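Those protein sequences? They're chains R and W, same order as listed.
All residue numbers for the first sequence refer to the numbering used here, where the first residue is 13 and numbers rise by one.
All residue numbers for the second sequence refer to the numbering used here, where the first residue is 931 and numbers rise by one.
No lab work stands behind these hints, which were simulated from the structure alone.
Keep in mind that a hint or two might mislead.
Derived contacts from chain R toward chain W, CB cut-off under 8 angstroms, selection only [unchecked claim]: (1) Ala389; (2) Ala395; (3) Ser396; (4) Leu421; (5) Glu564; (6) Glu566.
With a Cα cut of at most 27 angstroms, we get these calculated DSS-like pairs of lysine-lysine [what the hints assert, rightly or not]: (7) Lys1320(W) x Lys1404(W); (8) Lys967(W) x Lys940(W); (9) Lys1404(W) x Lys1267(W); (10) Lys1364(W) x Lys1320(W); (11) Lys560(R) x Lys1496(W); (12) Lys1496(W) x Lys1162(W); (13) Lys1554(W) x Lys1320(W); (14) Lys432(R) x Lys940(W); (15) Lys432(R) x Lys1162(W).
The structure presented is a predicted model; accordingly, all values stated were derived computationally and were not measured.
C-beta atoms are modelled at their ideal positions from N, C-alpha and C, and glycine is treated no differently.
Here is what each chain is made of, one letter per residue.
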Amino acid sequence: MLGRTGLLAAGLVWGAAGALAVSAVPAVRRWRKGRRNPKDMIRGLATVPRRYMVDVHHAVQRRKGAAPMHALVAGGTLAGSVVLAAGVVPALRASRLYWSGAGMFFLAALGGTYLVWKRRNPKKPSYLSGGKFLWLPNAMLAWNLGGALVALVHVTLPEQNSIALVPLVLMAAGGAGLVVQVARGPMRHAFSGVTWLAAHSRPERFGGGRSTDLRPLDLAAPTLGTLIPGDFAWNILASFDACIECGRCEQHCPAFAAGQRLNPKALIQGLALSARGENASAYTGSPAPNAPPTAGQGSMTSAIIGVDAMIHPDTLWACTTCRSCVEQCPMMIEHVDAIVDLRRGQTLMLGEVRPGAADALRRLRDTGESGGRPLSARADGLASENVPVLTQDGETDVLLWLGDGAYELRYARTLRALVKLLRLASVNFAILGEAELDCGDLARRLGDEATFQDLATEVIGTLNSRRFHRIVTADPHALNVLKNEYPVLGGKWEVLHHTTLLDELVSSGRLKLDARDLPAVAYHDPCYLGRYNGEFDAPRRLLAAACKTTVEMEWHGRQSMCCGGGGGNPVSDVDAELRIPDIRMGQASEVGAAIVAVGCPGCTAMLEGVPEPRPEVKDIAELVLEAVVPA
Amino acid sequence: MTANVEALFKPLRIRNLVIRNRVMSTSHAPGYGKDGKPQERYQLYHAEKAKGGIGLTMFGGSSSVAHDSPATPWNQVSVVDDSVIPYFQQFADRVHEHGAKLMIQITHMGRRTRWDTDAWLPVIGPSPRREPASRSMPKEMEIEDIRRVVRAFADAARRCKEGGLDGLEISGAHGHLLDQFWSPSANDRVDQYGGSLENRMRFGIEVLTAIREAVGEDFVVGMRMSGDEILKNGLSQQDCLTIASDYATRGLVDFVNVIGGQARDEMSHAVSLPNMSFPVAPFLHLASAIRREADVPVFHAQRIMDVATAARAVAEGHVDMVAMTRAHIADPHIVNKLAAGRADDIRQCVGAGYCIDRIYVGGDALCLQNAATGREATMPHDVRPTTGAKHRVAIIGGGVAGLEAARVCALRGHSVVLFERANETGGQVNLAAKATWREALTGIVRWLDAQVRKLGVDVRIGTDATTEMVRLEKPDIVIVATGGSAWRGDLEGSDLVHTTADVLSGAVNPSGSVLLFDEMGQHNAASVAEVMATRGCLVEMATHDRLIAQEVGTTNQPIHLREMYKLGVMMSPNMELREVSREGNRLVAVLCNTMTGEEEERLVDHVIVECGTLPRDPLYMELKEGSVNHGQIDIPTLLEGKTQPGVKELKSGDYALFRIGDAVAGRNIHAALYDALRLCKDF
């Protein structure tokens, strides 16, 4: 009798592992139907432990209680099972220490199981899903309790270990449950997640790095963008299966908060369901708010977007590309890339853009300006400042890129403040004048890669024919395109946001500030400056030097909330219950801010469009100018 | 947002000059010149417009180029020697600092000036033809005079350029020497400067040619002119089109600044400076016609007071620059407010003509509804929050004095409650606005009321405040602005008469024959005469002044007189009302001729009097005893622009009491607003 139940236990673990391996086969087969995208999986897998322990856990632990839960349940289950599997070695089975160890791991896993259960009990939060998740704790309980009891029997009654047959049965039931959860349920996330972490599309992000640029599309390819799941690269398909439906993206999505027809979690699940050919009813989380129903059907080879497909088209255009979901996702899924791929498919293959966006795109193609306004009028707001225009014969230190905000009366005020500051600091600068075109940000985010590449080619040509040291812009969207997305197309320059330059001028003493006693000022991080370009500190240093009282909104820095103005959302006729900027200004009022400091023409327009009473909206350049001490 | 506004924000390039937007203020003579120089007050007045976002501000209306066009009469600017250049430089710096451009008008006024001022030189003109308005008989210019004046223009232009100004215009409008040569009504010379239009244009061509030689290519030179003199034997619209296009074709002018009409007599003066009785932009069509003929930018001013009209004028292509001159006197920050989406905060000119009327009697230009204009050194256009203690302020009276006090106190950051007896704010201005063409006065109240409510003042209308109600507010500062009530005068039988206020309020509705007696010479009696005559009364208006509406300014008085003549009002100046008695169901009024002492009787149905107002002050008297300062304003402190001592030393439970506006003594809207602003800006 000695050791029979121990060996059985080890065999059970091996059996479960084998079942899991077999269950992975259909997933791998499915992913292989995606676009070829060779990845060095050996090296990739070698990086997974570090990527998992550092990057994933960094994101996991942002939600209170999530990291301990995950460490206990995943770590405990995995460690206990591995130890048990090692029981094929007879010497180990004979050791009480061995069984004690196994028991400890399973006990830890039981604690974790309790925490897993507690998340949805007594009431499931709206951001979590139901369905198979509801009996997942039962399977975990059976496996881990069984494991713990098997170990207990072997520690306390090694001579009568046949009693362990009872918990072994329990364990077997749990194991069967877990295999189902992995093969056909949400726990597929474990295997898919490891695969995705090993074959991530933006490996630069691991270890605290940043990678936010959209990748150029080969416009000669037969299919542009994504129409069917099979158009996604195989690793992207894996990333959808890696989603564990934790709902962090949903909690931080500005479009979701405003009742626009987008829920990033539902979107990723919709993509995963399409690829698996499952029905939308298999998804048990919150839907995209107010989205009209779709057929909810999909397959690897049928359309994803459409009323008769899986995802409603409105969902696609509601995204502001703010990357908040990407920032929040513990599995580091790239929602924005997926949305832009889908938009590319809609725009380039089907011509299915919203009327407002279509107008803007047509004007961009016809005139090089999204509003169709004359290029000569861009600098109208700077008429009083006599800013020199950089010609092909000229030379300047700083080339000031105005962006399309310059056409607006309001933002021209910001640009005038910036110009005055540059003058005060004796910076040698110039503008492009009529030669400045739209940088292509809007076209690219709307999926019109062709127009983007046309504009980019022309802009890069213009800039490469001018002599300057660096480009400064007050528009983070232009900053992002010029700095991050042009290099691969042949445009490489030093590009700075105006707050970065002003910070440099203040810290080097070329501008002297005397902090003013203003009512509380809160800084609103523009998505394309903060999350996209990692600039969080320069604006804050400037504000601290210019204003005596500053406050932070609850969502700031990397967690900042979008103003609602990005990604072509404002021109895409998006239905909503609320306005995103109203929500954002409410957050500013909550912390007692009387002034919201901004650094983006989009944010300025959106936030200032909020009805009064609301905090005043001022660009950092304006606040800095008011605080300048004359030399 | 207002339609077409973007058209106003398109820069305009003239030669090398870029004007940031299409809104400007034309040259005028606010009477701020000192010793012939534009000094601090003058400069700050224009710098405020620059700060407020205006594209181009032009100063120095009728700045003189020669000694026989003296700068003295309206405290104008003299460009006759180089001593003015440093002032121009300082002026230009002050305006350029805020991104606006600065130009001047230079002129020789010819016959349209006086000989009896500092230099006592005879006035000159193309022909010895007297102008009714100036009453000066000019000497016919000899060829040497012509050459001398041409030279003087060129020298003055050089000084403008050396002074760092962005350009100049010469004036061929309002009957100056330039248009005296053009107009057959003033020029009947038989030499090469008279006769055909070609000859009459010659003087101007010589002046502009000499100016261009003096200033070179990089300087803007324009011309102000009429688009139609609307005068028998004057310049027709066709003549004006010819002049504009001829000068433009010759390349003599970089812009034309067009007006309608001329100003040779009282009525044409009033028409050329249209008051609130005129429609908006009455002469825009004349500017528009010239813009089609002459290939140079066209500027135009004349009662364009609202941004919607201004935007339309530019967007529809009638003008290149729209001048909102009086509009900027009412609110120098129009452009910035418009750009900031705060069009509702613009204090719109109502066309009262108070500014211009003051200068034609030798005063300084002040705005009826904005006490800070022309006082930029001491009065803020932007009232800033106090850094000191925040007070509870109770204001009694929601007329313009009380509203302005509430506005200023709220902007200072104090907590303000305002009591108004009536069911709407506005007080006496509401009454005045009931009189025919004076209706636009309501704009003053409308703006103040909207600002006060926007600033969160606790406005309690329909509340006749008592001392208890005031004390319950636990105020630190109490301001009594209860206004005045119309007085029946101290004549015998005053119980039988009614006041003009009674007529406007509807307390009395006269019919039949009415004797209206006026002791004030202001709008009040004149406008009520028009009201009653319009309603069918047979009205005789008597006054002991030499003229009917003698105190009403030169752009308004002719309108009153025109209306009264049209309505058949009998005008009896130099008469004093002595006594009123009853006879049957009618009244006998005894009038006495102030010159002869002879008495006359009138048998009428009604006698209406205008004898001003007496303060409505019982509440003030009741509150006085309990106040720390016995209701007194410390005058030296007030004039120094410092906080009143009563307010500085307040202890808990104490209150300081002040009285402003007609509640002190009956005056006018400007006085009421200035009382309030001057006092409250230092709380």
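Now for the hints, and whether the structure bears them out:
no.: 1; hint: Ala389; result: holds, 7 angstroms
no.: 2; hint: Ala395; result: holds, 3 angstroms
no.: 3; hint: Ser396; result: holds, 3 angstroms
no.: 4; hint: Leu421; result: holds, 4 angstroms
no.: 5; hint: Glu564; result: violated, 25 angstroms
no.: 6; hint: Glu566; result: violated, 28 angstroms
no.: 7; hint: Lys1320(W) x Lys1404(W); result: holds, 13 angstroms
no.: 8; hint: Lys967(W) x Lys940(W); result: violated, 33 angstroms
no.: 9; hint: Lys1404(W) x Lys1267(W); result: violated, 36 angstroms
no.: 10; hint: Lys1364(W) x Lys1320(W); result: violated, 39 angstroms
no.: 11; hint: Lys560(R) x Lys1496(W); result: violated, 66 angstroms
no.: 12; hint: Lys1496(W) x Lys1162(W); result: holds, 22 angstroms
no.: 13; hint: Lys1554(W) x Lys1320(W); result: holds, 22 angstroms
no.: 14; hint: Lys432(R) x Lys940(W); result: holds, 20 angstroms
no.: 15; hint: Lys432(R) x Lys1162(W); result: violated, 54 angstroms
Hint check: violations occur at hints 5, 6, 8, 9, 10, 11 and 15; the rest are consistent with the structure.
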